[in-house]
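Start from the sequences, fold in the hints, and give me the full structure.
Protein sequence lines, in the order shown, are assigned to chains A and B.
Residue 103 in this note's numbering sits at position 96 of the first sequence; the count goes up by one each step and never skips.
Residue 252 in this note's numbering sits at position 245 of the second sequence; the count goes up by one each step and never skips.
Read the hints as simulated data drawn from the structure, not as lab findings.
Certain hints may be false.
In this list, chains with the same sequence are indistinguishable; a pair is considered to hold if it fits within one copy or across any two.
Listed next, the in silico SDA-like pairs over lysine to any residue satisfying Cα-Cα at most 20 angstroms (straight line) [as the list claims (entries may be wrong)]:
#1 K297 - L121
#2 K226 - Q96
#3 K297 - D262
#4 K170 - T10
#5 K170 - G39
#6 K226 - G255
#7 K170 - E81
#8 K170 - T12
#9 K170 - H9
#10 K170 - F180
#11 K226 - R153
#12 K170 - A120
#13 K226 - D206
Since the model is a prediction, treat every value here as computed from it, not as a measurement.
Protein chains: 2
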Amino acid sequence: MHTETDIRRLRRFNRSVTSALGAMDQSFLGRGRPLGVARVLNAIGQGMTEVRELRAYLGLDSGLMSRNLRTLEEEGLIATTASEEDARQRQVQLTEAGRAEFNAYERLSDQHALEILGRSRRREELLAALDLVSATFCATAPHIHRADPRDVNIAYAMAEYTKELSLRFGRSFAVSQMSEEERLDFLPPRGIFLLASVDGVAMGCGALRPLQPGTGEVKRVWINPAWRGRGVSRRLMDALEQEARGLGYGSLRLDTSRHLPEAVALYHALGYREIDRYNDNPDADHFFEKLL
Amino acid sequence: MHTETDIRRLRRFNRSVTSALGAMDQSFLGRGRPLGVARVLNAIGQGMTEVRELRAYLGLDSGLMSRNLRTLEEEGLIATTASEEDARQRQVQLTEAGRAEFNAYERLSDQHALEILGRSRRREELLAALDLVSATFCATAPHIHRADPRDVNIAYAMAEYTKELSLRFGRSFAVSQMSEEERLDFLPPRGIFLLASVDGVAMGCGALRPLQPGTGEVKRVWINPAWRGRGVSRRLMDALEQEARGLGYGSLRLDTSRHLPEAVALYHALGYREIDRYNDNPDADHFFEKLL
DNA sequence: CTTTTTAACTGACTTAGGTCAGATAAGTAC
DNA sequence: GTACTTATCTGACCTAAGTCAGTTAAAAAG
Numbered sequence: 008m009h010t011e012t013d014i015r016r017l018r019r020f021n022r023s024v025t026s027a028l029g030a031m032d033q034s035f036l037g038r039g040r041p042l043g044v045a046r047v048l049n050a051i052g053q054g055m056t057e058v059r060e061l062r063a064y065l066g067l068d069s070g071l072m073s074r075n076l077r078t079l080e081e082e083g084l085i086a087t088t089a090s091e092e093d094a095r096q097r098q099v100q101l102t103e104a105g106r107a108e109f110n111a112y113e114r115l116s117d118q119h120a121l122e123i124l125g126r127s128r129r130r131e132e133l134l135a136a137l138d139l140v141s142a143t144f145c146a147t148a149p150h151i152h153r154a155d156p157r158d159v160n161i162a163y164a165m166a167e168y169t170k171e172l173s174l175r176f177g178r179s180f181a182v183s184q185m186s187e188e189e190r191l192d193f194l195p196p197r198g199i200f201l202l203a204s205v206d207g208v209a210m211g212c213g214a215l216r217p218l219q220p221g222t223g224e225v226k227r228v229w230i231n232p233a234w235r236g237r238g239v240s241r242r243l244m245d246a247l248e249q250e251a252r253g254l255g256y257g258s259l260r261l262d263t264s265r266h267l268p269e270a271v272a273l274y275h276a277l278g279y280r281e282i283d284r285y286n287d288n289p290d291a292d293h294f295f296e297k298l299l
Numbered sequence: 008m009h010t011e012t013d014i015r016r017l018r019r020f021n022r023s024v025t026s027a028l029g030a031m032d033q034s035f036l037g038r039g040r041p042l043g044v045a046r047v048l049n050a051i052g053q054g055m056t057e058v059r060e061l062r063a064y065l066g067l068d069s070g071l072m073s074r075n076l077r078t079l080e081e082e083g084l085i086a087t088t089a090s091e092e093d094a095r096q097r098q099v100q101l102t103e104a105g106r107a108e109f110n111a112y113e114r115l116s117d118q119h120a121l122e123i124l125g126r127s128r129r130r131e132e133l134l135a136a137l138d139l140v141s142a143t144f145c146a147t148a149p150h151i152h153r154a155d156p157r158d159v160n161i162a163y164a165m166a167e168y169t170k171e172l173s174l175r176f177g178r179s180f181a182v183s184q185m186s187e188e189e190r191l192d193f194l195p196p197r198g199i200f201l202l203a204s205v206d207g208v209a210m211g212c213g214a215l216r217p218l219q220p221g222t223g224e225v226k227r228v229w230i231n232p233a234w235r236g237r238g239v240s241r242r243l244m245d246a247l248e249q250e251a252r253g254l255g256y257g258s259l260r261l262d263t264s265r266h267l268p269e270a271v272a273l274y275h276a277l278g279y280r281e282i283d284r285y286n287d288n289p290d291a292d293h294f295f296e297k298l299l
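Written as C-alpha cells, this is what we have:
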C-alpha cells in the first residue's frame, strides 16, 4: 500500500479546500457582520427556532449565544418570544428584515458556489466527487420523506437515475416527462413517491404505484453512487413497504435487470422471491414479488 | 440542467468538509499553542526561510508576523539571523527543538488524516475524489523535477499507472520491481525519470531510457486522472525532450496502444510521427518517433 | 556624505470570540 | 408554600488576532 502517499493526498486536499472555502467564509464578511453573528442568523434562517437547539447546533456558550441574539434583535432582524409550554425557553423567528438579510447571505453563498462550479471543465465528475467526499464525512443518516412526483428534487433524482441506466445498459435512456395520470399513480391513495435526502439534496428515491387490485409495484429505486453501501436502499425499501401497507396493498411486485446486479441482490436479501415475467418491459429480465 | 441542485450539492460539501476539517485544525490546538503561531511554525518547517516569504504566504501584517516570530524564538523553537546579501532582511531556521515540535504537529495531522481514511470503506474511490477536488481548487501548476527511479513517489505513480493499464486493457498488469540495471537506464547519463508533483504528491511522471545510439525511448508517461486536461502531459513531454537533448539524444521513440487513445492523440499533437513497429511489445500497436 | 527608501520591529489600540460566576424567572418535587 | 432545578441573561474578564503609527537600522539614490 501507499499509505504515506494517501495521507499526503488527503492533507493536500485539506490545504486546497481550506483556502478555497476560506474565501467562501470571507464572503460572509461582505455584509459587515461578524462571522459568529452571521452564523446564528443563518441557523435561524434554516428553520431552527429554539435557543437551546441553536446552541447545540452552533456549539456556543449560553452567554455568547445570548449576546449574539441581542445583537440581531437590536438590528431588528429577529424577534424572540417565550415558549408556550415552558416560559423559560425562548423561541426565535426572523422578522421580515431578517428574512431579507438571510436571503442576501444565501445569494452570496450561491454565487460563490456557482463560481466554483464554473471553474471546472468536468462538472459532472466534480459533483460526483463532492458527493462522495460529503458522504464520507457526513455522520447523519439521510432523511426519508414523501414528495410530490413533480418536485424539482425528484426531477434531479430521475435525471441521475436515467443517466445511470444509460451507462449500465450501454444505450441511451430518455428522461420521460411525467403525465398527470402517471403523477396521480404516484400519489396517495394510489401510490407514493419517497425521497431520501441529506441537507436538502436528494440522494435516493423510490416509488410505489398500483399494479393490480391489492398489489403495488415498486418503481424508480435509485441511490446516489456516493451513498451506496450504507444501508440506505434497505431503509428506503422498508419505508416503501410500510407505505404500501398503509395504502392497503397485500403484496408488492417489481422488475429489474441483470445489468443492475446490486438491485437483484438487494431484492433477494430483502425477502423478495423471483417470479415469472408479469409485464412486457423489454429491459427487464428479473421479476420479484413479496407478500406484506 | 439542475444548477440549483448542483449548488446545493457543493454547499453541502462545504458544510460537511468544514466541520470535518475544522476538527483537523482543532488538533493544532492540542499542543497548547495558538493557531496563528502554529501556522508560522508549520510554514517554517515546510522550508520557508525568509520573513517576507512567510508573510506573503500566510498573509500576515508585518507587526503580527514579528510578534509570532518573537514568541517562537522565546520558546527556543526558531533562530533568526540577518540575511547575508541584505542585512535588513531576516532568515529564519528551526532549532533542534523546533524541528521536534514541527514533527509533532506533522504526526498529529497524519494521525488525523489516517483516521479519516480509515473511516471510508471505499478508499481508492475516495482518494480519487479528493484528488479531483484538489485539482479543481488548486491554482498552482504542478512542479516538474527529476527523481530517482526508486523514490517512493515513483513507486506510487507506477502503482497507479499499472492500475490504470489493467483497467484500460481489461487484464491485470503487475507492478514490476525495478532491477538495478533498469534503474541505471533511467538515470543520467543514460536516461532520466521525471515527476510532476503538487504539494509533494506525485500526480504525473514520465521517463527516458536509451534505445539505440543517439535515440532515446520515452517510457512510463502517466498523469493522475484528476489532473488531465490541464496541459500537464504536454509540459511533461516538453521537459522530457529538453532532458533528452541534454543527454545528447537526436531522436526519441515510443510505443503505445489503441487502448490509450488520449496518448495516441497527444503524441500526434506534439509532432511525433507514426513509424513501423520497432520492438516486440505485444501490448503496443502504435509506434512513434520525433527528431529533436 | 546626505536623503530617501525599505524590512523588520515595537507599542498602543481594537475587535471577535469565548469563559465564568452569579442573577433572574419559570418550572418541578416535596 | 418551600426548596431545588433549569433556561436564559448580564457583567466582568480574558485571549487571539489584527491594525496602525511610529522607530530602527540597513540599503539605495542623489
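To see whether the hints hold, each was checked on the structure:
1. K297 - L121: Neither way: K297 and L121 sit 45 angstroms apart in one copy and 43 angstroms across, limit 20 angstroms.
2. K226 - Q96: neither (45 angstroms within a copy, 70 angstroms between copies)
3. K297 - D262: Within one copy only: 12 angstroms inside a chain, 57 angstroms across chains, cut-off 20 angstroms.
4. K170 - T10: Answer is between: at 16 angstroms across copies they meet the 20 angstroms cutoff, but 34 angstroms inside does not.
5. K170 - G39: neither (43 angstroms within a copy, 51 angstroms between copies)
6. K226 - G255: within (17 angstroms within a copy, 67 angstroms between copies)
7. K170 - E81: Neither, since 50 angstroms and 61 angstroms both go past 20 angstroms.
8. K170 - T12: This pair counts as between: shortest inter-copy Cα distance 16 angstroms, intra-copy 34 angstroms.
9. K170 - H9: between (34 angstroms within a copy, 13 angstroms between copies)
10. K170 - F180: within (7 angstroms within a copy, 31 angstroms between copies)
11. K226 - R153: within (15 angstroms within a copy, 56 angstroms between copies)
12. K170 - A120: Neither. Shortest intra-copy (24 angstroms) and inter-copy (34 angstroms) distances fail the 20 angstroms Cα cut-off.
13. K226 - D206: For K226 and D206, the Cα distance exceeds 20 angstroms both inside one copy (24 angstroms) and across copies (47 angstroms).
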